[in-house]
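Can you make the complete structure from the sequences, with help from the hints?
Chains as they are written, first to last, in this note's numbering: chain Y, 2 to 361; chain D, 20 to 346.
Note that these hints are calculated values from the structure, not bench results.
Some, not all, of what chain Y presents toward chain D, calculated at C-beta under 10 angstroms:
#1 PRO103
#2 GLY104
#3 GLY106
#4 GLY116
#5 TYR122
#6 PRO127
C-beta atoms are modelled at their ideal positions from N, C-alpha and C, and glycine is treated no differently.
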Amino acid sequence: MPIPPDPVGRSGLPAARLLEIYRLIALARALDERAWILNRSGRVHFVISAQGHEGAEAGLCAALTPGRDWLLPYYRSLAAVLAFGMTPREVMLAQFGRADDPGSGGRQMPAHYGGAAHRIYTSSSPVGTQALHAAGIALAAKLRCEPQVAVVTMGEGASNQGDVHEALNFAGIHRLPMVLVVENNGYAISVPAEKEVAVRDVAVRAAGYDMPGVIVEGTDVLGCYLAMRDAVARALAGDGPTLIEAKVTRLTGHSSDDQQSKYRTEADLAEGRGRDPLPAFRDELRAAGVLDASTEAAIAAEVRALVDDATDFAEAAAEPDPATLTCHVYAEPAEVSTPAMPATPATSTAPAPPSGRERN
Amino acid sequence: MAVRTFIEAIREGLRDEMRRDASVVVLGEDVGKKGGVFFATDGLWAEFGDDRVIDTPLTESMIAGVSIGAAANGLRPVAEIQFADFIFPAMNQIIEEAARIRYRSNGTFGCGITIRAPFGAGVHGALYHSQSVEAFFAHVPGLKVVIPSTPYDAKGLLRSSIRDPDPVIFLEHKKLYRSVRGEVPDGEYAVPLGRATVTREGSRVTLVAYGLMVHYALDAAARVAGEGIETEVVDLRTIRPLDTETVLASVRKTGKCLVVHEDNRFGGFGAEVGALVAEEAFDYLDGPVTRLAGPESPATPYASVLEDAFLLTPEKIAHAIRTLAAY
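As C-alpha cells, this is what we get:
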C-alpha cells in the first residue's frame, strides 16, 4: 500500500537540512556496503545489514533532538545511530571489534550499538527487550520532568515478543514520552510477515494500547520525518506514546551468514529493490531542485573519503587487551557514584549487630 | 534499640532510602495502596505517592525491564516480584539484560536496580508460592544475590543493595517475615554486601546456611551442643559475591563442612560451597563435605503431610550434624 511521497516543500525543512538527510542515507549505505566487502574478504567476522532501512531511519531521526532524546536501537539502526552522533570511525571500530569501540570495546557483535555519550542505550541480541528499557527511560523522564523522548526501534519480527506488548501497555497506561518504531521489512530472517504477524499492519496493534498507530513508507523519507515530528510533539505535550510502522525493504540477506535467494523469489527480490530509499530520495531532491549534479558528486566523494578513513582507522586500531576480559562485570571502585556508605556498625557509633560478628 | 519483625525491617529500609534519596522508586504488583501482599511496602504510597510507588500490571518482565530503563535515566528502582516463583518471565530481562549491561557496554552503562522477591516454603504456598530460586541467579556474573536472615541484616543489606551500582536480587524468605524479631537501630547503618557472618562459634563442624535455614541451623546447633558437638554456623548473607574467606577460615578450623539449603540439592548453591571447600581447604578436611537440602521434587506440595515431608527441620539438620561429626 504505497503512500505517495510528500512534496519536499511540505516538510518545511530547509534545503541544507534535506541535503544532510540525503548525506546520512548515503553514508549509512556506503558504510554498510563496505562492511560486506570486509566480510567477504575475510577481514571482519560478521555483518548484519541496514540496507533498505536507511531512508526511514534518517527521516524519523530528523525530527529528534540528539543530546536530549534517547535512542534504543537494534541491529539495523545504522542510519539512526549516525543521526544520533556516532561517527563512521566508531561504527567501524565496532565492526572490527576493536578496543576503542565506544559501544562495547569489542565485546559485542557488530551492530549491537550503544553510546553513552550520545544517549544511545546499549543493545543486546534477544529481540524486543529494548522496548521495556525505552518505557523505563520514558518513565524516568516523566517523573523527573525532563523533556525527553525515548525512541525504540525494532523489526516486525521483534514486535511479536511479549516484552513489546508489555512495554506498549505500560507506556499507554502512564502516557509515557515514548515512540516505538517498527521497521517492517516483511521478513524475520526467512519467515515472511504473513507467517509471523496476524495482522497486515503492525500499526493497528497500537489501538490495543490507546495510542496512535501510524504507517509510513520507508521510501517516503519526509513522510517519516513528519510522522515522527507529530509523535515527538505528542510525547513532549504529555499525550503519551506513538507506534510508527515504517514499511521498508531488506535489500540484503538477514546477515552475512544468510542467503535470502534460498527463501525469496526473484520477483519478490526485484520488488524489494524497487523500494530502495536511496535512489527514491535522491530523485525526489533532484526533482525539487535541491540536489544538483555537482552537490551529488561532492557528497559522494565526501562519503567515500569518510568510509575509507573509517576503515583504515579501525583496522589499524588496537585490539582489546585479553587482560581486560573480566573487567566491568561489576562496577569498578571508581565507578561507584553513590553517596559514601556510612561506616559499618563495628567501627561507627551506630549500635553493634545484635548477634554474630563481622568477618573480614 | 527497637525490636522489629523481619518485614518491618524491610519496610523501614525502603522508607528510609526513599526519604534519603528522591530517585528511589518502588514498583511492583499491589505495592501501592495495598502495600504489597505481605505489606512490605505498606504506608509507602501514602507517604510518597503515585510517582514513586507504582502499581504495575501483572507483567514481571515489564517490572524488571522498566526498572533497567529507569535506572539508565537517573532513577534507583526497587522492584518487587510478588513471589519468587513468578520471576521466571523476567529472567530474560534480568540475565540477558541487567546482568550484562555493564559488561557488554564496556563499563559505559551501569544497571543499579534492586529486585526484591519473597521466596521459600513453609507457609502452605505449594508449588508456586514456595520456590527457592537463588541458584539460578547465583550462577550469573553481573548479578549480586542477597539473602538476609535477621531484621538487622534485612534492613542493612537492603540499604546497601539500593545504593549499589549493580543489579541486586534481594531474596526474602517469607517464613521469616513475621516469625523472626530482632533489634534494628533507628539511625543510619548499612550492612555491606559480600560479607558472611559467623553467627555461632564452634569447633567440630562448620554449618553454612542462609535465610531461614540459619535459624534452623542455630536451633540444631543448640540441640547437639548438649551432646558435646560444637557447631559453627556461618550465615552467608550474600551468596554472590560469596565471602569465600569466612567459609574457608571456619572449615580450616573445624575440618568439617555441612551446607544446608531449602532449595533442591542437585545443582544447588551447596554444590558451589562444597566445591570451594574441596578445592581450597582439602588438606583441612576430616570428613566429606555434606549437603542437606530439599528433596528432588520440583517444588513444595500443598497437602500438609507432603509439605512437612519436603521441608528441612532443625531435627533433620541436627541429625546431619551428628552424622558428620561422627565421621
